[in-house]
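Asker: Sequence:
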Amino acid sequence: MLDKLKQFKLLIVLFLFLLAIPLYFTYNHFQQSSVLKEAFEKNERIEVLHRLTASEKYAPDIRKAGYVVPPDGAIRLDGVIYPLEIEGELHLKISPPKKDAKDFQLFFITQVNEKQTHITFILDKNLNLIDSSYSQQNDNGKREIVSVSQS
Numbered sequence: 007m008l009d010k011l012k013q014f015k016l017l018i019v020l021f022l023f024l025l026a027i028p029l030y031f032t033y034n035h036f037q038q039s040s041v042l043k044e045a046f047e048k049n050e051r052i053e054v055l056h057r058l059t060a061s062e063k064y065a066p067d068i069r070k071a072g073y074v075v076p077p078d079g080a081i082r083l084d085g086v087i088y089p090l091e092i093e094g095e096l097h098l099k100i101s102p103p104k105k106d107a108k109d110f111q112l113f114f115i116t117q118v119n120e121k122q123t124h125i126t127f128i129l130d131k132n133l134n135l136i137d138s139s140y141s142q143q144n145d146n147g148k149r150e151i152v153s154v155s156q157s
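Under the working numbering, the first residue of the sequence shown carries the number 7, and numbering increases by one thereafter.
None of these hints come from the bench; they were simulated from the model. These numbers come from a predicted model, not from an experiment. Take these hints with a grain of salt, some might be off.
To be verified - Below, a list of computed lysine to aspartate or glutamate pairs in the EDC-like style, where the Cα atoms sit at most 16 Å apart: (1) Lys104 <-> Glu120; (2) Lys131 <-> Asp109; (3) Lys104 <-> Glu47; (4) Lys105 <-> Asp145; (5) Lys121 <-> Asp145; (6) Lys131 <-> Glu47; (7) Lys105 <-> Asp130; (8) Lys131 <-> Asp9; (9) Lys43 <-> Glu53.
Construct the entire structure; sequences and hints are all you get.
Answerer: Below is the structure:
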């Protein structure tokens, strides 16, 4: 009788343990979705961008929206979607913001006076321009920062 009671208790503990694993992952999944929804409702653009690019979870939806996203294997390897790209006349790239970031970078490469010019914009959470930089390769092959008038 005692052995059957021990077996029954062991089965209950094992069952609860096995039940806890999928419950944890389900909770984690819905928690992440609710944080994204909450940030979207509060109009916290950087937090939304961080949540969308933090894993491959939203990569298929981002691709459907027309953005260029690295393959899922590269996202899993990097841990983030880097870079998020927008095809067009200018091939824009967006670097994913860090958690609790106050700003993020938008960058692209264009030709100015037959020289390849790298342009970077730093935007705040309201998408206002904080800073910008322009760089070109000099004759020695090194990239140097140039002013807008030089480029």
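Asker: Confirm or reject each hint.
Answerer: Verification of the hints:
With a C-alpha separation of about 35 Å, the suggested pairing of Lys104 with Glu120 is violated against the 16 Å cut-off. A C-alpha spacing of about 6 Å is found between Lys131 and Asp109, which places the hinted pair at or below 16 Å, so the restraint holds. Of the pairs offered as hints, the one joining Lys104 and Glu47 is violated, with about 20 Å between alpha carbons and a cut-off of 16 Å exceeded. Among the hinted pairs, Lys105 with Asp145 is inconsistent with the structure: their alpha-carbon atoms are about 39 Å apart, more than 16 Å.
Taking the CA atoms of Lys121 and Asp145, the gap is near 11 Å; set against the 16 Å cutoff, the hint holds. Annotation: proposed proximity of Lys131 to Glu47 holds, straight-line Cα distance about 14 Å (limit 16 Å). At roughly 14 Å between alpha-carbon atoms, Lys105 and Asp130 fall within 16 Å of each other, so this suggested pair holds. With a C-alpha separation of about 63 Å, the suggested pairing of Lys131 with Asp9 is violated against the 16 Å cut-off.
Only pairs whose Cα atoms come within 16 Å are accepted, and Lys43 paired with Glu53 is accepted, the gap being roughly 10 Å.
The structure does not agree with the numbered hints 1, 3, 4 and 8 stated previously, though it agrees with the rest.
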